[in-house]
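> With chain F fixed as given, assemble chain Y onto it according to the hints.
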Amino acid sequence: MIRDKTAIVGIGTTEYVRNIGRPELQTALEAIRAALDDAGLTAKDVDAIFKIETPSEEPNSELEVARNLGVPNLRAWGGAGYGGGAACAPVVHAAMTVATGMADVAVAFRSRNRGSGGRPWARTGARVPGSGAFEIPYGLVGPVQQLAIVARRYMHEYGATSEQFARVAVAQRACAAKNPRAYFREPITVEDVLASRMIADPLHLLDCSLETDGACAVIVTSAERARDLKQPPAYILGASQGMGPRHYMMNGLLYKDDPFDFPTIYAARDVYAMAEIEPKDVDVALFYDVFSAMVLWQLEAFGFCEPGEAGAFVEEGRIDWPDGELPVNTHGGSLSEAYVHGFNHVLEGVRQIRGTADCQVKDASIALVAAAAVVPSSALVLRR
Amino acid sequence: MADPTEMTPQRPLPEITPLTEPFWTAAKAMKLVLQKCAKCAEYQFPPELACTHCGSPVVDWVEVSGRASLYSWTVAHPPMLPYFHGRSPWPVVAVQLEEGPRMISNVVEIPVGEYEFGMPLVAEFEEVSEDVTLVVFRRAP
Numbered sequence: 001m002i003r004d005k006t007a008i009v010g011i012g013t014t015e016y017v018r019n020i021g022r023p024e025l026q027t028a029l030e031a032i033r034a035a036l037d038d039a040g041l042t043a044k045d046v047d048a049i050f051k052i053e054t055p056s057e058e059p060n061s062e063l064e065v066a067r068n069l070g071v072p073n074l075r076a077w078g079g080a081g082y083g084g085g086a087a088c089a090p091v092v093h094a095a096m097t098v099a100t101g102m103a104d105v106a107v108a109f110r111s112r113n114r115g116s117g118g119r120p121w122a123r124t125g126a127r128v129p130g131s132g133a134f135e136i137p138y139g140l141v142g143p144v145q146q147l148a149i150v151a152r153r154y155m156h157e158y159g160a161t162s163e164q165f166a167r168v169a170v171a172q173r174a175c176a177a178k179n180p181r182a183y184f185r186e187p188i189t190v191e192d193v194l195a196s197r198m199i200a201d202p203l204h205l206l207d208c209s210l211e212t213d214g215a216c217a218v219i220v221t222s223a224e225r226a227r228d229l230k231q232p233p234a235y236i237l238g239a240s241q242g243m244g245p246r247h248y249m250m251n252g253l254l255y256k257d258d259p260f261d262f263p264t265i266y267a268a269r270d271v272y273a274m275a276e277i278e279p280k281d282v283d284v285a286l287f288y289d290v291f292s293a294m295v296l297w298q299l300e301a302f303g304f305c306e307p308g309e310a311g312a313f314v315e316e317g318r319i320d321w322p323d324g325e326l327p328v329n330t331h332g333g334s335l336s337e338a339y340v341h342g343f344n345h346v347l348e349g350v351r352q353i354r355g356t357a358d359c360q361v362k363d364a365s366i367a368l369v370a371a372a373a374v375v376p377s378s379a380l381v382l383r384r
Numbered sequence: 001m002a003d004p005t006e007m008t009p010q011r012p013l014p015e016i017t018p019l020t021e022p023f024w025t026a027a028k029a030m031k032l033v034l035q036k037c038a039k040c041a042e043y044q045f046p047p048e049l050a051c052t053h054c055g056s057p058v059v060d061w062v063e064v065s066g067r068a069s070l071y072s073w074t075v076a077h078p079p080m081l082p083y084f085h086g087r088s089p090w091p092v093v094a095v096q097l098e099e100g101p102r103m104i105s106n107v108v109e110i111p112v113g114e115y116e117f118g119m120p121l122v123a124e125f126e127e128v129s130e131d132v133t134l135v136v137f138r139r140a141p
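Those protein sequences? They're chains F and Y, same order as listed. In terms of the working numbering, the first sequence is numbered consecutively and its last residue is 384. In terms of the working numbering, the second sequence is numbered consecutively and its last residue is 141.
If we strip away everything but chain F, and leave its shape as in the complex, we get:
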């Protein structure tokens, strides 16, 4: 059991911009050094490194990171798939590793030049391999299109509306306006979202995450050691991964018996069980939000409302900071702060637990962090 055995003791980021002008290995090192400084530790203390991986591309090997940090010995390392589904997974692996005594101080990080590095699907060749062979020739090419089909079916089955999707983007932008790290800080309205250009019907431009360059990192160590370090520890009360049956990536959600049987439902069940909490115990939620609609699916998967009720939940202002019962993505999320495969959400969870968030939830003692709903997923519960 790893419940409460470890804590996040340091966080670090680079700036989040469109064209950072430095390779992903370099920004990874910057974010990790900042996280070590924050914790009051050095590279000499590090003995494990975990990172997010994507199936298609991975520039930063643990080998290069360890060598360039000056780590004397790595006792554990690994990459966790899959992209945004792994937003919490490197921390899950770090916690397992430290709790079992395989290592003492683990780094978990994500570094990504998505603003300037090009879009993965642009490299599609003349012949498409894998299950994409049954989608891309028909014109279903990228994630926004893949999820737009699911979103339209969700609207049909549950009566959700474009206004409700837009409401997520509006709530998060209101938080980003107070966050100096956020890339987009200009407040927006539901009308602005609906008037932004259509990307893949029913999803508009402002329903989509932004594309930025940047890196972020956290440091995980034992709960015991955490108590002697510089920062108030964010204890890892629950940690999980989940995939569910017959799963594909986003392109294949519609091949499942029930496309709304999301991986995150399985991650939710297990993270609550380990943390021994219920939805009502959660003070703030950091939900992976590559598209606005996904936040509705997360609210349902994590039991904050019944399937199909999240649209109304959002519309009633219940995810708004500071007055909603469950403030969501208080940093602005992927829609407004930065797109780092959701790893920036883990850092915001830590800030909320420390009491240092720009949009601080009063007396926050339990923060839930969840990775992408629709791909093999992961989740964390952090406590004060």
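None of these hints come from the bench; they were simulated from the model. Any given hint could be a false lead.
Some residues of chain F that are not near chain Y, with every Cβ distance over 10 Å (derived) [said to hold, decoys possible]: (1) I2; (2) E135; (3) L229; (4) M243.
Dumping the calculated DMTMM-like pairs for lysine to aspartate or glutamate here, alpha-carbon to alpha-carbon at most 25 Å [stated by the list, open to error]: (5) F:K256 <-> Y:E21; (6) F:K230 <-> F:D37; (7) F:K256 <-> Y:E124; (8) Y:K36 <-> Y:D60; (9) F:K256 <-> Y:E48; (10) Y:K36 <-> F:D257.
These numbers were taken from a predicted model, which means no experiment stands behind them. Yeah, the Cβ is synthetic: ideal placement off N, Cα and C, and Gly gets one too.
Chain Y only, in chain F's frame:
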């Protein structure tokens, strides 16, 4: 240097592998085939090495009716690949086959404004290259 507007970008086509070859060979012969588990009798799509319902390694290819209904759709506005430049907005559909599995496809001869959830469709075959015939759908008669 050639004027890029004169270049005709190719439609992205499926890589045909030993696993998927029966599907594409059948499509070329204007037949829709799916894998069916020899043990649990579930149909599946896309093709896999084993049954994803029960894990049995024996799956057979069988011809199916081609009857389907419209499950969902999107209309892609900014084109993501060169072939779709000048062809956008581009509708893409998900259909529910009568036998259970769903497929991504295109609907022919129905304007997107007339799409309705559950509308009955039937498979149609669109030859797009020497070796590739795509399975598309039209309104069921």
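> Would you pick out the hints that fail for this structure and give their numbers low to high?
Violated hint (a single one): 2; every other hint is consistent with the structure.
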